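Peer 1: So the chains spell out like this:
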Amino acid sequence: MRTNDVMLQTATKVVTFIILMFAVHIFFAGHYTPGGGFVGGLLTASAIVLLMLAFDIETVKKIIPFNYVMMTAIGLLLALATAGASIFFNVPFFTHAYDYFHLPLFGKTSLHSAALFDLGVYLVVVGVTMTIIQTIGEDE
Amino acid sequence: MINLLLFPVIIPMLFGTILLFFPKNIRMQRIIAACGVAITFIAGLFLLAAVKTNGLQAVTLGSWDAPFGISMVSDLFSVLLVLTATLITLFVIFYSFQTIGFEREQSYYYPAVLFLLTGVNGAFTTGDIFNLFVFFEVLLMSSYMLIVHGGEKPQLRETIKYLLVNIISSALFVAAVAYLYSVTGTLNMADLAVKIPQIQETGILTVIAVLFLVVFGFKASIFPLYFWLPGSYYAPPIPVLALFGALLTKVGVYAITRTYTLFFTMNIEVTHELLAIIAILTILAGCIGALAYFDVKKIIIYNIIIAVGVILFGVSQMNGAGVEGAIFYLIHDMLIKAALFFLVGIIAVLFGTTNLREMGGLIKTYPLLGWTYLLAAFGLAGIPPLSGFPGKLLIVQGGFEGPNFWGSLVILATSLLVLLSVIRIFIYAFWGPPVKTIPINKSAYNQMFIPSLLLVIITVFVGVGAELFMPLISGAGEVLLNPSIYIDAVLKE
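Protein sequences, first through last, are from chains U and F.
Going by our numbering, the first sequence opens with residue 1, and the numbers climb by one from there.
Going by our numbering, the second sequence opens with residue 1001, and the numbers climb by one from there.
It is worth saying that the hints were derived from the structure and are not from the lab.
Since the structure is predicted, the reported quantities are computational estimates derived from the model, not experimental observations.
Built from N, CA and C at the ideal position, the CB exists for glycine as well.
Incorrect hints may appear among the rest.
To give an idea of the chain F side of the interface with chain U (calculated C-beta under 7 Å), a few residues [to be verified]: (1) Ile-1002; (2) Asn-1003; (3) Leu-1006; (4) Thr-1017; (5) Leu-1020; (6) Phe-1021; (7) Gly-1055; (8) Val-1059; (9) Leu-1061; (10) Ser-1063; (11) Leu-1416.
Turn these sequences into a full structure, and let the hints guide you.
Peer 2: If you want it as structure tokens, here you go:
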């Protein structure tokens, strides 16, 4: 049965971008305030799921042609590499480094190696969530 | 190298991640998986050397101070278990080449095995009780995947039970951790060992200790909580069964041993007496199962439960002989269970069935398999000088020295039942009139048999060379019996 989903599709086209922007905001907010890679990843995944609900899996696959298992693997490697860099400096595992930089536009900004780890977490969360949802959704 | 003790946790994870990139290339999957575990084993050997010469290794993640950050601790007990677990995983990977099938190999079988090893090694290494929960989840996730991997009908049915039991016990675990935190205000195991003796009201702590016994008991399959194990372990293919049988329940046993020697020692008359009684009941229940079935897999599966009882009885005695015996028997049991599952797997492949009544006469066609199996069976029952003997001797001695001499008598008596249960497989499968076997390619047979033979040889070596290993075992026992060594190393006061 084909339902009339013009409303849903039109709204989704706008809302998806709002959710994605919010995901990025939450991701960067994560260092000092609630948020981070995990929540950001879940938000991103929810945006993609919304797309899937409004359109269908085939269309979404065309828009976002990612292999989510690869995404998980890359995320894991990134997280492991960031945490593992401490091995080469002979400090306890997971020790993170940070410093303050003067960036154009942003001004004085603190950059943390933990953000890279969080990026890994973000990729893993998106990858795993989407793999699970796709696997269940594709069955029929 | 301050991070050396983390290598056995990080390396399998790294290699498991690398394997995710090319699931279809079986050749690369096999090579990289085997290399990854071999490198883990070498790292484990370095760690053993470091722990042996410099004493306990401890690192608190993220450069935080000890009770606040997550501590990872490696003493002789944990490093010995890490080495044993890694060695068994290596053999399981070799054994899988022939037995697991191309389809499973192409759908992330080896990454799952490596992530399971990550979880197991992490659980053995962690020094923080909440982190222990996290590593339990890591290994459980991988085990969920491995138990359902392949999607055969019995697998799907048993996976539901396995999932339910483990999710309930994990929920209980978090609840128990929350109780413990609300009473003590810390989750670092070394810090717990400092704080718990200072608390006057031991009643609530005793309740929490028993709650933890229930939680870990689900994983370790102690007496009333083992109900899920025979069915669930029966479903997956033999290499997965060997991996589960050798490693998973032992993580539960390790967790009980660690918590009951390090900090739940405030009310030994209740908690450890309870543990001793449950251990003996576990042995009896296992014996009944092991003798009742005519299915080779079921018989060995019930022997897992018996061994859990024997080890925990040693732990419950809280004296030198009992604890050392438990450590030795734990290592022996991991190795011998993997070897027995391998051999039983070969027998099942040869006959095309696991029913003992449909087997017979294998000694004429496969004599070496027969004698290897007999050696492993004798090792399991603890016939000197094989590997089951020194551990069981020490556990029995510990029972006689401690308050529970009756338990030692039960262990001695049930050793005969254990022997009977495994010898029945020998009698039915190898003696009697020959039954037609399934013709099997010589090189395929060798690829299954050689890892099994090597593992049996290692167990014989562990038994005959027990004198060589005893300094390590008694060093491990010393840390368990003197929590102050552990506390000082972690908190570095």
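Peer 1: Now tell me, hint by hint, if it's right for this structure.
Peer 2: Results for each hint:
Interface restraint check: Ile-1002(F) against chain U, minimum CB-CB distance 6 Å, threshold 7 Å, status holds. Nearest Cβ of chain U to the Cβ of Asn-1003(F): about 5 Å, under the 7 Å cut. The hint holds. Interface restraint check: Leu-1006(F) against chain U, minimum CB-CB distance 5 Å, threshold 7 Å, status holds. Interface hint status for Thr-1017(F): upheld, as the beta-carbon distance to the closest one in chain U is roughly 4 Å, under 7 Å.
Here the hint on Leu-1020(F) is kept, as its CB sits about 4 Å from the closest CB of chain U, short of 7 Å. A least Cβ separation of about 6 Å between Phe-1021(F) and chain U falls short of the 7 Å threshold, and the interface hint therefore holds. The interface hint given for Gly-1055(F) is broken, as the beta carbon of that residue sits about 18 Å from the closest beta carbon of chain U, more than 7 Å. Taking 7 Å as the C-beta contact cut-off toward chain U, the hint placing Val-1059(F) at the interface holds, the least distance being around 5 Å.
Annotation: interface hint on Leu-1061(F) holds; nearest CB of chain U at approximately 4 Å, less than 7 Å. The interface hint given for Ser-1063(F) holds, since its Cβ lies 4 Å from the closest Cβ of chain U, which is under the 7 Å cut-off. Violation of the interface hint for Leu-1416(F) is found here, the shortest Cβ-Cβ separation to chain U being roughly 49 Å, above the 7 Å cut-off.
The structure does not agree with the numbered hints 7 and 11 stated previously, though it agrees with the rest.
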